[in-house]
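*Asks:* For reference, the chains in residue letters:
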Amino acid sequence: MIAAHLPALQVVVPLIAAPLIVLARRGALGWLLAMAASFASLAIALALFVQVQAGGLVSYAIGSWAPPWGIEYRVDSVSAFVLVLVSLLAAFGAPYAWRSIAAEVPADRHYLYYATFCLALAGLLGIAITGDAFNLFVFLEISSLATYVMIALGRDRRALFAAFQYLIVGTIGATFYVIGVGLLYLMTGTLNLADLAARIGEVQGTRPVLAALAFITVGICLKLALFPLHYWLPNAYSYAPSAVAAFLAGTATKVSIYVLLRFYFSVFGESAIFERLPMREIFLVLSVAAMFLASGAAVFQDNLKHMLAYSSIGQIGYITLGIALDNQSGLTGSIVHLFNHGVTKGSLFLLAGCIALRVGSVRFADLAGIGRTMPLTTFGMVIGGLSLIGVPTTAGFVTKWYLVLGGLDRGSWPIAFAPVLSSLIALWYVWRFVEIAYLRDAAPALARVREAPRSMLAPALALTALCVYFGLETSFTVGAASRAAELLLGGPR
Amino acid sequence: MSPAGAVLGALLIPAVAAPLIALCHRRPNLREAVTLVAAGALLAAVASLVAPVLAGERPVVRLLELLPGVPLAFEVEPLGMLFALVASGLWIVNSLYSIGYMRGNDEAHQTRFYVCFALALAGTVAIAFAANLLTLFIGYEILTLVTYPLVTHHGDEEATRGGRLYLGYLLSTSIVLMLVGIVLTWEVAGTLDFRPGGILGADVGSATIGVMLALFVFGIGKAALMPFHRWLPAAMVAPTPVSALLHAVAVVKAGVFSVVKVVVYVFGVESLAATGAAEWLPGVTGFTIVAASVIALRADNLKRRLAYSTVSQLSYVILAAAILTPLSVLGAALHIVAHAFGKITLFFAAGAIYTAAHKTEVSELDGIGRRMPWTMGAFTIGALSLIGIPPCIGFVSKWFILQGVIGAGHWPAAAVLLVSTLLNAAYFLPIVYAAFFRSPTGEPHGEAPLPMVVALSATAAGAVALFFAPELPLALARRIAGLP
Numbered sequence: 112m113i114a115a116h117l118p119a120l121q122v123v124v125p126l127i128a129a130p131l132i133v134l135a136r137r138g139a140l141g142w143l144l145a146m147a148a149s150f151a152s153l154a155i156a157l158a159l160f161v162q163v164q165a166g167g168l169v170s171y172a173i174g175s176w177a178p179p180w181g182i183e184y185r186v187d188s189v190s191a192f193v194l195v196l197v198s199l200l201a202a203f204g205a206p207y208a209w210r211s212i213a214a215e216v217p218a219d220r221h222y223l224y225y226a227t228f229c230l231a232l233a234g235l236l237g238i239a240i241t242g243d244a245f246n247l248f249v250f251l252e253i254s255s256l257a258t259y260v261m262i263a264l265g266r267d268r269r270a271l272f273a274a275f276q277y278l279i280v281g282t283i284g285a286t287f288y289v290i291g292v293g294l295l296y297l298m299t300g301t302l303n304l305a306d307l308a309a310r311i312g313e314v315q316g317t318r319p320v321l322a323a324l325a326f327i328t329v330g331i332c333l334k335l336a337l338f339p340l341h342y343w344l345p346n347a348y349s350y351a352p353s354a355v356a357a358f359l360a361g362t363a364t365k366v367s368i369y370v371l372l373r374f375y376f377s378v379f380g381e382s383a384i385f386e387r388l389p390m391r392e393i394f395l396v397l398s399v400a401a402m403f404l405a406s407g408a409a410v411f412q413d414n415l416k417h418m419l420a421y422s423s424i425g426q427i428g429y430i431t432l433g434i435a436l437d438n439q440s441g442l443t444g445s446i447v448h449l450f451n452h453g454v455t456k457g458s459l460f461l462l463a464g465c466i467a468l469r470v471g472s473v474r475f476a477d478l479a480g481i482g483r484t485m486p487l488t489t490f491g492m493v494i495g496g497l498s499l500i501g502v503p504t505t506a507g508f509v510t511k512w513y514l515v516l517g518g519l520d521r522g523s524w525p526i527a528f529a530p531v532l533s534s535l536i537a538l539w540y541v542w543r544f545v546e547i548a549y550l551r552d553a554a555p556a557l558a559r560v561r562e563a564p565r566s567m568l569a570p571a572l573a574l575t576a577l578c579v580y581f582g583l584e585t586s587f588t589v590g591a592a593s594r595a596a597e598l599l600l601g602g603p604r
Numbered sequence: 002m003s004p005a006g007a008v009l010g011a012l013l014i015p016a017v018a019a020p021l022i023a024l025c026h027r028r029p030n031l032r033e034a035v036t037l038v039a040a041g042a043l044l045a046a047v048a049s050l051v052a053p054v055l056a057g058e059r060p061v062v063r064l065l066e067l068l069p070g071v072p073l074a075f076e077v078e079p080l081g082m083l084f085a086l087v088a089s090g091l092w093i094v095n096s097l098y099s100i101g102y103m104r105g106n107d108e109a110h111q112t113r114f115y116v117c118f119a120l121a122l123a124g125t126v127a128i129a130f131a132a133n134l135l136t137l138f139i140g141y142e143i144l145t146l147v148t149y150p151l152v153t154h155h156g157d158e159e160a161t162r163g164g165r166l167y168l169g170y171l172l173s174t175s176i177v178l179m180l181v182g183i184v185l186t187w188e189v190a191g192t193l194d195f196r197p198g199g200i201l202g203a204d205v206g207s208a209t210i211g212v213m214l215a216l217f218v219f220g221i222g223k224a225a226l227m228p229f230h231r232w233l234p235a236a237m238v239a240p241t242p243v244s245a246l247l248h249a250v251a252v253v254k255a256g257v258f259s260v261v262k263v264v265v266y267v268f269g270v271e272s273l274a275a276t277g278a279a280e281w282l283p284g285v286t287g288f289t290i291v292a293a294s295v296i297a298l299r300a301d302n303l304k305r306r307l308a309y310s311t312v313s314q315l316s317y318v319i320l321a322a323a324i325l326t327p328l329s330v331l332g333a334a335l336h337i338v339a340h341a342f343g344k345i346t347l348f349f350a351a352g353a354i355y356t357a358a359h360k361t362e363v364s365e366l367d368g369i370g371r372r373m374p375w376t377m378g379a380f381t382i383g384a385l386s387l388i389g390i391p392p393c394i395g396f397v398s399k400w401f402i403l404q405g406v407i408g409a410g411h412w413p414a415a416a417v418l419l420v421s422t423l424l425n426a427a428y429f430l431p432i433v434y435a436a437f438f439r440s441p442t443g444e445p446h447g448e449a450p451l452p453m454v455v456a457l458s459a460t461a462a463g464a465v466a467l468f469f470a471p472e473l474p475l476a477l478a479r480r481i482a483g484l485p
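These protein sequence lines are chains P and B, in that order.
For the first sequence, this note's numbering begins at 112 and goes up steadily by one.
For the second sequence, this note's numbering begins at 2 and goes up steadily by one.
Check each hint, because a few of them may be wrong.
[To be verified] Simulated coverage check for chain B against chain P, where a stretch passes if three residues somewhere in it have a Cβ under 8 Å from a Cβ of chain P:
1) 83–95
2) 351–360
[As the list claims (entries may be wrong)] Computed Cβ-Cβ distance ranges for the label pairs, DEER-style:
3) P:Phe411 to B:His359: 47 to 57 Å
4) B:Phe288 to P:Glu392: 51 to 61 Å
5) P:Ala573 to B:Leu64: 14 to 24 Å
6) B:Val61 to P:Val249: 29 to 39 Å
7) B:Leu451 to P:Glu546: 16 to 26 Å
8) B:Phe288 to P:Val410: 45 to 55 Å
9) B:Glu444 to P:Glu546: 50 to 60 Å
10) P:Phe272 to B:His26: 18 to 28 Å
11) B:Ala208 to P:Glu392: 25 to 35 Å
12) B:Phe288 to P:Arg559: 55 to 65 Å
13) B:Ala208 to P:Ala573: 14 to 24 Å
14) B:Phe437 to P:Phe411: 49 to 59 Å
These are calculated hints, taken from the structure and not from any lab test.
Nothing here was measured: the structure is a model prediction, and the numbers come from that model.
Beta carbons: idealized from backbone N, C-alpha and C, even for Gly.
Full structure from sequences and hints, please.
*Replies:* Quick look at the structure:
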């Protein structure tokens, strides 16, 4: 009975938790509810993942209105994988938030944080699960609005500016998206994604459809922070409360990439995008630029969170590179990196939050010698950093493998070498931190610093351990990603 | 213990020893005991594999699925057997030496030192026993990363710089070149397993093979082929036991071992010779051999001279493998052993001189042989072995390499060997001469602490003993080369 309604529950559980938390108005109760919602979401996502692996596709008609007239929730191997990623990071972030939020947000606003967290979770899960283009917009707005609030909760006054900046960019992005969807509706008369895919063939190449493609591409690329549309990201990640930064870094951009994948491969069809239009060239250039320029910018940051944020923009370049490669290996690399980078960057931001809590700063100047006072946290950062570089036995390596393979499949040596050359820049910025942490004399501010409380350190290190686990045992991640890539490449044209 | 169990044991013993050593942080004697016991147990596990491997058995252990179709798997074949035997045997001697050195010089962070050492051995065994390229790559990168804290042990500016070069060169070459080489291998061969005779099909073009070979020999930066050799002298900022076991044996040998392994088991000696795709390689290695020797000749710092000598000697192995005849491949395998014993002795001596006399420069060594007769005696044997003078194992390996080179009619390579032998003599023998025949200067001092003297005498004795009884390495090397 319940099993049949899992797709609805996936969104409804965190969506209901949010108003309950507001009604309770108590931080502790809010935390418990947010925990419960996060873990329930993870359980549901895993159950859906198993169902999809067994049965191929789960379709759920909201309110029993049959698609394409009603809203359809549609879980296939792509969305199931994204649902697992989002709810996994929520489940690691929720226990962490208790102490972290207590330290960074005034007590009377704790319940607001937990409520918006649940809303953001519901929105992100909704984007991944819905099969309806307009419903997707609604969830995009739910998650975005919740995110603006969460960022603005940061104690640094610059958080307000960062939230405002993100709000402007996010609103432009969402507006562009909805204009694009409107044009598509105009031409096809449907909002259901699968139905859109079936009908778009007749109008493919017409000016409104091209305009729709342009609006949707730019709108979504703003949200996923594709270079050079990334400038909102570093501030948003750096000045938001640590728990927010970790959750967003692992999920928000990744879900936007999912939307891009969905529209490019399932709705428009990759031949329309990459063969008739110069989109491949555009994405290749922008991806490579992100991989080198944004990563290069990471080297020159004087603040740990800024460095991680620029690294994220660079790593998003890997994902879009795989999309532009548009072959089985490249797309597998892209999707697996969506997951692996979510886990890696999530763990790194959680650990950076541990440092922020104890040291009160994440400026490199204040972190000299931190390897001696916070050995576990620093060691976790090193492992996460190795995953960013893509050292074998870490999750990041798996991506690199498939991207290089995808480049060779395409017969292009420069593309095959781009990911590995860009990892040298990652090596540079990661090792800069290593030298500061281990080889400098301890900063005076660090004299009385100790490890963060267990409720923060444990989830952070557990996520770090997953970076290594997914580097050693890849049947879950690579299996899911290659099935997703197959589906996208073989899907409706 | 079954052979497969011994393989697993050899991998786990150093890996488990590392946390145990860390736990014994406050009790140095117990901590060093753990290292010695682990080293003994590792040698026992590795040695127990010799008989089965010689009998033709290939024990296999498969663990995880790293990528679809590529497991984390280990398989013992003669070349890996030889390398593991050398590394684990010398770990015992080196541990003994380390105890004397670290205590004699009152070094800080000794626990971290022993922990990283044990992990480095785990990485080395993983490389030696790897059953496919990806497993080898994992061991290779682990070895780089766990030796980084050893290189930067002193934590000062110089160590930071040395560590930067070390990590920069080794990780960059391996990620940019070797990894792409591995992916390319997967792309054209559909497998990464090591198989006798190679895994590349007949349809792979010689241009592709040439590119792959270049990606591997330059990508395996640990082999220190010029221009990717500068990490090795930079790594000399480490405490001497690290230079001795890791940068004369485990790490650098992991490099040339990987090159030989790839040549023999990925390309296949005969197939590679048939394509002619390796014809440029003797030239590059020959240049490295001579150029590094010339630099060694001009280096006044003893460890730096030894490091450049290592760069040159490593290229002997690659040159021998690149000649692609059975005898030269045999010589390449034997030279891994020969250089290991010779060079570790020389580094042990350098560390003993530093500990007893606090001298690091060649020009300060006048008459030191009279004060430290054991140390300089061993140094002389090590030097003779590297020059290739009997009765030392270095003669045997050079003999086979030369036979292979002449058999193939490769006269330029023969000339390189001749010139480099003269250069070897030119940069080692003056040290020996000055040590014994000039009069000592400065404060009087005696030998280094006993464990160090015992260790360096043992490796020197090993270099001589292997000349008289080279049966075991020879038997393994014959099997690698496919000789009866």
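*Asks:* Indicate, hint by hint, whether the structure satisfies it.
*Replies:* Status of each hint after checking the structure:
Judged by the Cβ-Cβ criterion of 8 Å, the segment 83–95 of chain B is not covered by chain P as claimed, because only 0 of its residues qualify and three are needed. For the segment 351–360 of chain B, the proposed coverage by chain P is not satisfied: 0 residues have a C-beta within less than 8 Å of a C-beta in that chain, short of the threshold of three. Against the hinted window of 47 to 57 Å, the Cβ-Cβ separation of Phe411 of chain P and His359 of chain B comes to about 42 Å, which falls outside the hint. Range check, Phe288 of chain B to Glu392 of chain P: Cβ separation about 41 Å, and the 51 to 61 Å hint is violated.
For the pair Ala573 of chain P and Leu64 of chain B, the supplied restraint of 14 to 24 Å holds, since their beta-carbon distance comes to about 22 Å. The supplied range of 29 to 39 Å is broken by Val61 of chain B and Val249 of chain P, whose beta-carbon atoms lie about 56 Å from each other. Under the hint 16 to 26 Å, the C-beta atoms of Leu451 of chain B and Glu546 of chain P, about 38 Å apart, miss the expected range. For the hinted restraint 45 to 55 Å between Phe288 of chain B and Val410 of chain P, the CB-CB distance of approximately 34 Å leaves it violated.
Between Glu444 of chain B and Glu546 of chain P the Cβ separation comes to about 37 Å, which falls outside the hinted range of 50 to 60 Å. The hint said 18 to 28 Å for the Cβ distance between Phe272 of chain P and His26 of chain B, and at roughly 48 Å that hint is violated. A beta carbon spacing of about 28 Å between Ala208 of chain B and Glu392 of chain P agrees with the range 25 to 35 Å that was offered as a hint. A hinted range of 55 to 65 Å for the beta carbons of Phe288 of chain B and Arg559 of chain P is consistent with their spacing of about 56 Å.
Distance hint for Ala208 of chain B and Ala573 of chain P: a CB-CB separation of about 48 Å, inconsistent with the stated range 14 to 24 Å. At roughly 56 Å, the beta carbons of Phe437 of chain B and Phe411 of chain P sit within the given window of 49 to 59 Å.
In this structure, the hints that do not hold are numbers 1, 2, 3, 4, 6, 7, 8, 9, 10 and 13, in rising order.
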